[in-house]
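Keeping their order, the protein sequence lines are chains A and B. FYI, the numbering used here numbers position 354 of the first sequence as 351, with every residue one higher than the one before it. The numbering used here runs 9 ahead of the 1-based position in the second sequence.
Derived by calculation from the structure, the hints in this document are not laboratory data. Where is the CB? At the ideal position from N, CA and C, for every residue including glycine. Do not rely on the hints blindly, as some may be mistaken.
[What the hints assert, rightly or not] Capping the alpha-carbon separation at 20 Å, the derived lysine to any residue pairs in SDA-like fashion look like this:
{"#": "1", "chain 1": "A", "residue 1": "87", "chain 2": "B", "residue 2": "97"}
{"#": "2", "chain 1": "A", "residue 1": "87", "chain 2": "B", "residue 2": "179"}
{"#": "3", "chain 1": "B", "residue 1": "67", "chain 2": "A", "residue 2": "24"}
{"#": "4", "chain 1": "A", "residue 1": "87", "chain 2": "B", "residue 2": "111"}
{"#": "5", "chain 1": "A", "residue 1": "87", "chain 2": "B", "residue 2": "144"}
{"#": "6", "chain 1": "A", "residue 1": "12", "chain 2": "B", "residue 2": "177"}
{"#": "7", "chain 1": "A", "residue 1": "87", "chain 2": "B", "residue 2": "164"}
{"#": "8", "chain 1": "A", "residue 1": "87", "chain 2": "B", "residue 2": "172"}
{"#": "9", "chain 1": "A", "residue 1": "87", "chain 2": "B", "residue 2": "24"}
{"#": "10", "chain 1": "B", "residue 1": "93", "chain 2": "A", "residue 2": "87"}
{"#": "11", "chain 1": "A", "residue 1": "87", "chain 2": "B", "residue 2": "120"}
{"#": "12", "chain 1": "A", "residue 1": "87", "chain 2": "B", "residue 2": "60"}
{"#": "13", "chain 1": "B", "residue 1": "182", "chain 2": "A", "residue 2": "30"}
{"#": "14", "chain 1": "A", "residue 1": "87", "chain 2": "B", "residue 2": "122"}
{"#": "15", "chain 1": "A", "residue 1": "413", "chain 2": "B", "residue 2": "97"}
{"#": "16", "chain 1": "B", "residue 1": "158", "chain 2": "A", "residue 2": "85"}
{"#": "17", "chain 1": "A", "residue 1": "488", "chain 2": "B", "residue 2": "97"}
{"#": "18", "chain 1": "A", "residue 1": "12", "chain 2": "B", "residue 2": "144"}
{"#": "19", "chain 1": "B", "residue 1": "182", "chain 2": "A", "residue 2": "507"}
{"#": "20", "chain 1": "B", "residue 1": "182", "chain 2": "A", "residue 2": "319"}
{"#": "21", "chain 1": "B", "residue 1": "158", "chain 2": "A", "residue 2": "54"}
{"#": "22", "chain 1": "B", "residue 1": "182", "chain 2": "A", "residue 2": "31"}
{"#": "23", "chain 1": "B", "residue 1": "113", "chain 2": "A", "residue 2": "31"}
{"#": "24", "chain 1": "B", "residue 1": "144", "chain 2": "B", "residue 2": "111"}
{"#": "25", "chain 1": "B", "residue 1": "182", "chain 2": "A", "residue 2": "6"}
{"#": "26", "chain 1": "B", "residue 1": "97", "chain 2": "A", "residue 2": "30"}
{"#": "27", "chain 1": "A", "residue 1": "12", "chain 2": "B", "residue 2": "181"}
{"#": "28", "chain 1": "B", "residue 1": "182", "chain 2": "A", "residue 2": "11"}
{"#": "29", "chain 1": "A", "residue 1": "12", "chain 2": "B", "residue 2": "107"}
{"#": "30", "chain 1": "B", "residue 1": "158", "chain 2": "A", "residue 2": "22"}
{"#": "31", "chain 1": "B", "residue 1": "97", "chain 2": "A", "residue 2": "31"}
[To be verified] To be clear about the criterion: a stretch of chain A counts as covered by chain B if any three or more of its residues have a C-beta under 8 Å from a C-beta of chain B, and this derived list gives those stretches:
{"#": "32", "segment": "39 to 49"}
{"#": "33", "segment": "181 to 193"}
[Said to hold, decoys possible] Chain A is nowhere near these chain B residues, computed Cβ spacing over 12 Å in every case:
{"#": "34", "residue": "14"}
{"#": "35", "residue": "16"}
{"#": "36", "residue": "22"}
{"#": "37", "residue": "59"}
{"#": "38", "residue": "110"}
{"#": "39", "residue": "113"}
{"#": "40", "residue": "117"}
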Amino acid sequence: MEEVRPDEVSEILRKQLAGFEKEVDIYDVGTVLQIGDGVARVYGLSHAMMSELVEFPHGVFGMVLNLEEDNVGCILFGESHEISEGDTVKRTGRVASMPVGEQMLGRVVNPLGQPIDGRGPVRTEKISPLERKALGVIQRQPVKEPLQTGLKAVDGMIPIGRGQRELIIGDRQTGKTAIALDTIINQKYSHTEKAKREGVKPVYCIYVAVGQKSSTVAQVVDKLQQEGAMEYTTIIAATAADPAPMQFIAPYSGATLGEFFRDSGRHALVVYDDLTKQAQAYRQVSLLLRRPPGREAYPGDIFYLHSRLLERASKLSDELGGGSLTALPVIETQAGDVSAYIPTNVISITDGQIYLEPGMFNSGIRPAINVGISVSRVGGNAQIKAMKKVAGSLRIDLAQYRELEAFAKFGSDLDKSTLAQLLRGSRLVELLKQGQFVPMPVEKQVVSLFAGTNGFLDEVPLEHVARYERELLELMDLKYVDLLGAIAGTKDLGADITEQLKGILRQFTDSFKATIKI
Amino acid sequence: MKNLRVARRYAGALMDIAESGKNIDRTAGDLETIASTLRGSRQLRLLTLSPVVSPAKKAGVFRAIFTGRIGEGTMKFIDLVVAKQREKHLPEIIEQFALLRDEKMGIVSIDVTSAVEFTPSQEKDLNNELERYTKKKVRVRLTVDRAIKAGLVVRIGDTVLDASMRRQLELLKARFLEGGPSTN
């Protein structure tokens, strides 16, 4: 056996460490005056910058948030009990930032970009600051491409465009996260060869979990992995057990990573789940830093906190590559109170909201979207023509149905047209129901809604609507793939396609009705 | 938590008066007397901290101790501090006054930590080198700390010039654990 000589080893070590020369290391320091509850006041650090990263002993990092006459207020990204008064704090000379790159995809990281999935370090080439000014008017263009969520109710009536900010709002346990996750899972199609042929560009997803249970985050990761969605998704997690400062910066990390994709001409979707918890974390650190409290004890700049975050969602002009960053912020309300401080703030910042109701959820209408008060202010421009045609009357039909529904409960005699409207409405409500984690491609949604809005479902008993839809789509998949392809390819319902579709539906409806009678 | 804002304001006011009366050195001497008395007497320290004793009584005590030992101007200043119930900040006010005086006279206070003791000639070299570096007069405070292993650490205000072996080892460690925390 060959022996390794000690001098050989030291020679290799020397080579490996070449360039590591002994020189004077210059840095600025301060002294901890006060510490506790995730914030520290530091004396010194006279040249510290706003939102600069500072290093405390034991490898704990902090961020400068207050610059005062005689001290600097910092928030801590680690445990504060290891640090004591009088400890030395070092400046790092860089503002809080995180590594960005494709290498982040498929990983679970904390808001500083450090991996927490136990799969080794993430090696990226670029580092971006967490806090960046949103783009101006010149760099943007109106939203024009659709971001398909795969949910009939959303894509049909509350369409979301790439670069839009659409709020998902509702009480606890109404399926807010489910909508966000379905949207992420549905982006899988955008990474396929088929989507490439149809001119649909891939969407990279970022899921930011703020103040959630670690077990919930683990479930989300697991589900996304099962669905094969982790390949194009990054999860940024600041769980309930993480320090409040971590929860506060988590959405900014998500935006920073999303901007990396956007600025390289690609499309990104970032879900902030949820901003209520982030606002609470920010309220905590603000109060600890002795900033004056305002309404509901939130600090005065809580509106700016959310507006500067959501302003970073944008659709870039073609000169800048035409990339986009779509934001889906989530807000949890208490007992349906949308007029509380944070919900009203975020509603006014975003380009529309998807409102979820516990009552509808419990009566089995899932996704429990209240179509009446859910809106999308810009997504309509992004909707494909085919969907516009079939979903145009959907909103009105449903609105009329809701109005009449109350009367119908009295069981009084109704005229024929009213009965027809009630019949149509109940079929549409049934048709818009959709299971979790089964997003539907847009061409199938079009076929499904076409059947509903053109009255083919009116003669089908309510309890058979789900089966009707399932079998119809199976039939389309088996025999009329070309037609589906034509809808997806042209993105429109031409006269010939419409006629063909009507023919198929007539035939199918007749044969379906026959199966019921037996 | 030290209340530096208060200390700085009182010290600044005292400095202005001392400057206009051209007796900065004398005032500094007076304050040093008070500081050493405070350091020497635990009872006096407790008195300044006690909220129970009335300001009038405290002022009486200070007068009884310091009359004749310090200048009348400084005595009046102590009266004012006591009347405003800021006597517990006296040590910090005195500290801030010394800093202001250094600033006025262009003296920089520098802390130097070394692993081994300096010889007198090394000390002189260090002094000259630091004066050349800061372009100011320096007052060097030397301490020996074996924990830094070798080399020396110079602290000028908030800036640290770290040429210690400990720091080099820390940086080396960070390099080995690449991806771990590094300050460079």
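Each hint tested on the structure:
For a cut-off of 20 Å, the pair hint linking residue 87 of chain A to residue 97 of chain B is broken: about 30 Å separates their Cα positions. Taking the CA atoms of residue 87 of chain A and residue 179 of chain B, the gap is near 14 Å; set against the 20 Å cutoff, the hint holds. Proximity of residue 67 of chain B to residue 24 of chain A is assessed by CA-CA distance (about 45 Å); at most 20 Å being required, the pair is judged violated. Taking the CA atoms of residue 87 of chain A and residue 111 of chain B, the gap is near 25 Å; set against the 20 Å cutoff, the hint is violated.
Restraint check: the Cα-Cα separation between residue 87 of chain A and residue 144 of chain B comes to about 25 Å, which exceeds 20 Å; the hinted pair is violated. Taking the CA atoms of residue 12 of chain A and residue 177 of chain B, the gap is about 17 Å. The hint holds against a cut of 20 Å. For the suggested pair residue 87 of chain A and residue 164 of chain B, the alpha carbons sit about 13 Å apart, so the restraint of at most 20 Å is met. The straight-line distance between the Cα atoms of residue 87 of chain A and residue 172 of chain B is roughly 16 Å, inside the 20 Å bound, and the hint therefore holds.
Restraint check for residue 87 of chain A and residue 24 of chain B: not satisfied, since their Cα atoms lie roughly 32 Å apart, outside the 20 Å limit. As the CA atoms of residue 93 of chain B and residue 87 of chain A are separated by approximately 37 Å, the hinted pair breaks the 20 Å bound. As the CA atoms of residue 87 of chain A and residue 120 of chain B are separated by approximately 17 Å, the hinted pair is consistent with the 20 Å bound. Pair hint residue 87 of chain A plus residue 60 of chain B does not hold up; C-alpha atoms about 37 Å apart against a cutoff of 20 Å.
Restraint check for residue 182 of chain B and residue 30 of chain A: the C-alpha separation of about 29 Å exceeds 20 Å, so the hint is violated. For a cut-off of 20 Å, the pair hint linking residue 87 of chain A to residue 122 of chain B stands: about 17 Å separates their Cα positions. Restraint check: the Cα-Cα separation between residue 413 of chain A and residue 97 of chain B comes to about 90 Å, which exceeds 20 Å; the hinted pair is violated. In summary, the hint linking residue 158 of chain B to residue 85 of chain A is supported, as the alpha carbons are separated by about 19 Å, within the 20 Å threshold.
Using a Cα cut-off of 20 Å, the hinted pair residue 488 of chain A and residue 97 of chain B is violated, with the two alpha carbons roughly 79 Å apart. Distance hint between residue 12 of chain A and residue 144 of chain B is unfulfilled; the C-alpha atoms sit about 40 Å from each other, more than 20 Å. This hinted pair does not check out: residue 182 of chain B and residue 507 of chain A have alpha carbons roughly 76 Å apart, beyond 20 Å. Straight-line distance between C-alpha atoms of residue 182 of chain B and residue 319 of chain A comes to about 44 Å, which puts the hinted pair past the 20 Å bound.
For the hint pairing residue 158 of chain B with residue 54 of chain A, the CA-to-CA distance comes to about 19 Å; that is within 20 Å, so the pair holds. This hinted pair does not check out: residue 182 of chain B and residue 31 of chain A have alpha carbons roughly 29 Å apart, beyond 20 Å. Our distance criterion of 20 Å between C-alpha atoms is broken by residue 113 of chain B and residue 31 of chain A, whose separation comes to about 30 Å. Our distance criterion of 20 Å between C-alpha atoms is met by residue 144 of chain B and residue 111 of chain B, whose separation comes to about 14 Å.
A hinted pair counts as satisfied when its Cα atoms are at most 20 Å apart, and residue 182 of chain B with residue 6 of chain A qualifies at roughly 18 Å. For the given pair, residue 97 of chain B sits about 18 Å from residue 30 of chain A by alpha-carbon distance, which is consistent with the 20 Å threshold. The hinted pair formed by residue 12 of chain A and residue 181 of chain B meets the criterion: a straight-line CA distance of about 14 Å does not exceed 20 Å. At roughly 15 Å between alpha-carbon atoms, residue 182 of chain B and residue 11 of chain A fall within 20 Å of each other, so this suggested pair holds.
Straight-line distance between C-alpha atoms of residue 12 of chain A and residue 107 of chain B comes to about 51 Å, which puts the hinted pair past the 20 Å bound. Proposed proximity of residue 158 of chain B and residue 22 of chain A is supported: the alpha carbons are some 16 Å apart, at most 20 Å. Distance check on the hinted pair: residue 97 of chain B and residue 31 of chain A sit about 19 Å apart at the alpha-carbon level, within 20 Å; holds. Taking a C-beta to C-beta cut-off of 8 Å, the segment 39 to 49 of chain A contributes 5 residues in contact with chain B, enough for the three needed, and the coverage statement holds.
With 0 residues carrying a beta carbon less than 8 Å from a beta carbon of chain B, the segment 181 to 193 of chain A misses the three-residue requirement, and the given coverage is violated. Interface exclusion of residue 14 of chain B from chain A breaks down, the closest Cβ pair being 5 Å apart, not more than 12 Å. The beta carbon of residue 16 of chain B is not kept farther than 12 Å from every beta carbon of chain A, the shortest such distance being approximately 9 Å. With a least CB separation of 16 Å from chain A, residue 22 of chain B remains clear of the 12 Å interface cut-off, as annotated.
Taking the minimum C-beta to C-beta distance to chain A, about 23 Å, the non-interface status of residue 59 of chain B holds against the 12 Å cut. Its beta-carbon lying about 19 Å from the closest one in chain A, residue 110 of chain B satisfies the requirement of being farther than 12 Å from that chain. The beta carbon of residue 113 of chain B is kept farther than 12 Å from every beta carbon of chain A, the shortest such distance being approximately 19 Å. Non-interface status of residue 117 of chain B relative to chain A is upheld: no Cβ of that chain comes within 12 Å, the nearest being about 14 Å off.
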